[in-house]
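Novice: Both chains come to you apart, so use the hints to assemble them.
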Amino acid sequence: MKKYIYIITMVLAFIMSCSDGSDSIGESQIDTNPPILNELDIWLRSNFVAPYNIEVLYKWDINDTDVDRFLHPPLESSVKPVANALQKAWIEPYTQVGGADFIKKIAPRQFTLVGSFNYNPNSPTITLGVAEAGTKITLFNIDYLDFTDINSIKQPLKTVQHEYAHILNQNIPIDEAYGLINPENYTAQWFNRDDAEARELGYITAYGSSQESEDFVEMVSEMLTNSKAEFDAIVESIDNEESKAIIREKEAMVVDYYQKNFNIDLYELQEIVAIATQNLVN
Amino acid sequence: MKKIYIKFGFICLLFFGLLSCNSDNSETLFPESPADRIAQSNSELLNLLLAESNGYKGVYFPKDDEFGGFTFYMKFNADGTVNMTSDFDADTAIQTSSFEVRYGSATELVFTTRNHIQKVSDPDFPGLVGTGFKGTSVFQYFGNENGVITFRDVRNSSSGRFEFMPSNLTNFNTESVLKVQTSLAQRENLLPTPTSSVFQVLKIEKGNKVSNFNFNYDAFRLHASPRVLVEGTVISVQEFNFGIAFTEDGLIISPSLEFDGEAYTNFTYDDATSSYISTVNGTTATILFDNQPAFINEDVNQLLDLGPTGFLYRPALGSNPLTSIGHDAMITQVNANLGTIGFSFVEYQLVLDFESDDCDTFLFIRVRRNSDGATFSTFYCFEKAVIQDRKLFLNYTAPFGGNGTFLETRLAPIINFFNSSQGIIYTDEDSFSSSLGSFSNRAGTFTSLENPSIRVYGLWFG
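These protein sequence lines are chains A and B, in that order. Numbered according to this note's numbering, the first sequence spans residues 1 to 282. Numbered according to this note's numbering, the second sequence spans residues 1001 to 1462.
This is chain B alone, in the form it adopts within the complex (with noise of 0.2 Å):
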């Protein structure tokens, strides 16, 4: 009994022994080891980087659900140092620093000093501090076509792209500057200037059909959420987010627009017009400054509601860029006629009344004379109020009291504004907030239609 026990337990610990014989031969999914691999990787696209003599154009944007993006000249050379330049801002003098290719989560490059593409991560910031534009200096590696190279961000990677092409420079020390301020000054163009219009437009045309965008652009952000009204079984706001690079002739997009069947990125400036228009398919995408919004929404119907309330514009209480600069305009005008005679402006009060024509809807503006500081009150008279066609209209009668009368060609322009023969646009803007502070008074715009480059942002109070 006991040599069977051996002889079973022989058996079985034979054929452990030939099961355990393994001939190894599986499938070779890759030719080179793990690291070959990543060599090979990091070589690829380092021999990329080091083969433009001149360099690559960089479009970076960090985050562009967010923020817009920014231009880079960048040459690579082999002792692990890059020359570069950006339209950041106007600090465009070449700097030189490290970077380095190498393997963390993917091939990545990483700008291992700092240089001009940090200024998109410095959390010191004016306006952005403990993040900057959200940038890094970390890149991984997607790919190469078409001579272009893409990278994403570490950390936004779904938002943030940077793609790399060509120079195509022959002198990189001198051209790439030249280039970055080109686009640099290409910013002032999408910024209103005194005398344009406060509606900015996207307009898309295809065919017959015209659809108006209100186009809502952040300077300080680079970055645009039109709105545009789209029709079905009930009309309804559809917005739309993208940021905004700049290049020498226009604009780039990211991510595209898409809109009715159709993706519109890159804009050419247009000098005459003073807009940038980008051409696909036969249908053009325009941004401008237009004599109209896009569309306007029921806002003016608030100010029935308001009752004994007054809108105030007093620049003591700071500054919000929802005031234009074709309303600062106005106000450096009505000082330059009061001083004249020794006087300056200090703020205006709109009352409205929808119901008398008794001077129950006026202007009143307060002056000071510079001599003593002394304020002195001026009314000005209006008809009632009436809202048509989502407008507020205001038709001036004449001034009240004897100050009205006397300082009332001086102050013309402020009582010109309000009596827009076509209409006055009103928009709510929730509560109070400025250069100087917020206060949890609501606050409005009232634009003039007859002049659209004249938008007022103030408070409401009483």
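Only chain A is shown next, with the shape it has when bound in the complex (with noise of 0.2 Å):
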């Protein structure tokens, strides 16, 4: 009997410890309206957050970049070019290729764009994007793209082609006998080079001379960048013939990987790429 007492008395001091409840839970203090959505905002979100839940800032947040650059968000009208641009020239070739999920399975999830130039201190050298951890790509330097210019175009196009194939090299690593074919010149001070030199040691860009990841990215890039005549021309122009089959045993690496990997034919992919780069010029 004293034991059911002990028990009666211990659980009515643990009730009377508990409130009632009363106050304890309110509305969210979380401010959930809705933000002013302009027609821009509107536009991207059918295209790109609805279709790829792919996010395009444009709108400056300080933490978006590095708080000490010296940096400015873009003009309202820039915006729309280059995103367009994207889901033209990266996107849909993708979606062509490699199926309708595609770019939505393996892609960045934002996109920032900003509108100036992003110059690196101490160094001779501008960034034009930034890809952090497979999930954001930052564009700099929107304002001052000319969409009369081909090769203005290119420039971002290229910055995407860069960055999504390093976030298709983070799904499926490459294959390490890539940085055995020619590492003897990779180098951190690859922007005393120009590209010419660089071809001529193996390396598609003097960029892709900096580090073996770079190399195999700057030739995707190259590759998404140029058409297929294009591209070769470029190889073609390199005196050494001995860095001309380097760049073509690259090539063929290269286009392997995206073959086994993710059954997708680069060269296919290169002139659905050239055709839509090329329908953007104004």
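Hints were generated in silico from the structure; no laboratory data involved. Just so you know, these numbers come straight off a predicted model, no measurement behind them. Misleading hints may appear alongside valid ones.
Simulated pairs of lysine to aspartate or glutamate, EDC-like, Cα-Cα distance not exceeding 16 Å [unchecked claim]: (1) LYS1203/B / ASP1270/B; (2) LYS1179/B / ASP1249/B; (3) LYS1134/B / ASP68/A; (4) LYS1134/B / ASP66/A.
Partial selection, computed: residues in chain A whose CB lies under 10 Å from chain B [unchecked claim]: (5) GLN29; (6) TRP43; (7) GLU132; (8) THR135.
The calculated label-pair distances, taken between Cβ atoms and stated as ranges, are [unchecked claim]: (9) ALA229/A / ARG1366/B: 52 to 62 Å; (10) ARG1221/B / ALA229/A: 42 to 52 Å; (11) THR1028/B / GLU55/A: 49 to 59 Å; (12) ASN279/A / GLN1040/B: 44 to 54 Å.
Yeah, the Cβ is synthetic: ideal placement off N, Cα and C, and Gly gets one too.
Specialist: Below, the structure written as structure tokens:
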């Protein structure tokens, strides 16, 4: 009997310590009001968020970029042409060759568009784009693109093709043998070379001569921002026959990587992207 | 024994249960939740911005320890857009972009897309590549007092400031543009003309006491570093620093100049005297072009140690703002004089000697015959150089050689420049730099006190 008295007393003691809960839950304290959406915001939601779950940020948030750099947001008028270029020359070709879900499954979830150039401190270089953890790509200097000039249009597309190739590599790593083809001239001071000098050493661009992973994605981005004829012309312009052969060997490995791992014919993708890019020229 | 443990355990458990009760009657510091207070702060600012149907006038100093400031007119609209113009440059057309009031590290006004305000943070600005004027698009709301809304820059919190006040315009679209065009034009009044003295001085008068500062204005950065001699146990040079923003009728400096117990901020342009004047408690601070520098340093004594070296002014080496536009006008005059006989000016060199009157101090001027490009040398002799009261005195005697005699009258402006009866001010300028490059040669300037609109910057060689 005593045992029951103890138990009842204990239960009562714990019950008395409980509050009645009358003031514990109220309305959400988070501001859930929808933001003001302009025509551009609605277009971006319809064309990127809804079909691909990709957010295109163009309204300034100082935390989206390096706070120590002096950068500024884009003109609103610069945003749609760049977003349209991404849609036509990156998303749609990959979708056509890789399948309807290819970009939906593997893609950066966020693009940040910055109007100004991004100058690197204490270095004679600018950063055209940044990819972070395979989820976000930041494109700089979009206010300075000229949509009457195909080379200007290619600049952000090359950045995206470059960064997207990194994202693909993060999903399926490249063959280690790629980095053993000609590792002897990789350098952190790649900016002291121009592209022509790098090609004579067996790298498709100067930046490609910085390290193996950049070498691989530079090959991809060069192939996907030039038609096959243009790319072949670049390779054939190399004087050093050995370097020319090295780049052809890398080309074959890149093509093989896409075919084996993603069932994508890179030459077919190259052709579709080239036509789409040409159609973007005003 | 076992029962004792059970009872002891029960008592402990009972105390634990009872002590766990809490009345929760703590002191309430804020009646609203943090989220409500953030929302209130945001809506307070947003309501303020939207309240002015003809917008605000804002003066933005992005970093007043390096740069000056700019004037903006902004009209905020309920649809999240802002109309804006500024006196940053000659492009004053009103542009529309987006803004947001949001909470970051504080309630912030964010100019979310590009407009005039982003000119201040443009890293592509020529001469300031990589940083621009170190401005921002994000401004922390610091309060609203007496109708002035104060914002601070997240990055330059101590040296950056943006203050809004109601524009008091009746038609934003037309009046704001005229206002910024007027304040932009005001910048010209702080710049020298071909006839104004190169000695830009800040003069503070308090009772009978007059303090003269060498103004040291950097027109590119809209920033000044005035220097004044301060008398104490030893005489020392005290330097101040502030940015300048131009207004329709004058200028504002930031931070205020605090000197001798007074603080000067607002200056009004006086057209009659071509000067900017600030009056505080019966004292005045005046920015003007004076016939003398505020004080003369001892740089001229360095000339005694130069030995057989020459001072060279050669336009082909590039320009430097220390060569005054009055000097440029003098060279234009010389070229006009020479042009009548088919010649043009190439360069001049000054060689100084402090011991001999036997033409060891001389001016060598080279000219070119335009028809075939051949160059000719002319020489003009001076008595030995003399330094007195920290000034250099050169006394012209005569031309040397046939060429010198033939061209003397045409080259007279250059000869007269160095033959200043009131002396010449010399300043040492470290190594040479110009629009075309830099050399390790020592550089300096000469300014005529007889005609203080003429100053030349050149290098020493030999």
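Novice: Using 10 Å as the Cβ threshold, decide whether GLN29/A counts as touching chain B.
Specialist: Check passed: Cβ of GLN29/A comes within 4 Å of chain B, closer than 10 Å.
Novice: Hint check: LYS1179/B vs ASP1249/B, CA-CA at most 16 Å. Holds or violated?
Specialist: Given that 16 Å is the threshold and the Cα spacing comes to 10 Å, the pair holds.
Novice: Would the pair LYS1134/B and ASP68/A pass a check requiring their Cα atoms to be no farther apart than 16 Å?
Specialist: holds, 10 Å
Novice: Between ARG1221/B and ALA229/A, does the C-beta distance stay in 42 to 52 Å?
Specialist: Holds: the Cβ-Cβ distance is about 51 Å, inside 42 to 52 Å.
Novice: Let me know if the C-beta of TRP43/A comes in closer than 10 Å to any C-beta of chain B, holds or violated.
Specialist: With Cβ-Cβ at 15 Å, over 10 Å, it is violated.
Novice: Taking the Cβ atom of THR1028/B and the Cβ atom of GLU55/A, is their distance within the range 49 to 59 Å?
Specialist: For GLU55/A against THR1028/B, whose Cβ atoms are near 40 Å apart, the range 49 to 59 Å is violated.
Novice: Holds or violated: is there a CB of chain B closer than 10 Å to the CB of THR135/A?
Specialist: violated, 22 Å
Novice: LYS1134/B and ASP66/A: Cα distance at most 16 Å?
Specialist: The hint holds at about 14 Å.
Novice: LYS1203/B and ASP1270/B: Cα distance at most 16 Å?
Specialist: Holds, because 15 Å separates the two Cα atoms, which is no more than 16 Å.
Novice: Using the Cβ atoms, figure out if ASN279/A sits within 44 to 54 Å of GLN1040/B.
Specialist: holds, 51 Å
Novice: Between ALA229/A and ARG1366/B, does the beta-carbon spacing fit 52 to 62 Å?
Specialist: holds, 59 Å
Novice: Return the status of the interface hint for GLU132/A: holds when the least beta-carbon distance to chain B is below 10 Å, violated otherwise.
Specialist: violated, 20 Å
When held up to the earlier numbered hints, the structure conflicts with 6, 7, 8 and 11 and fits the remainder.
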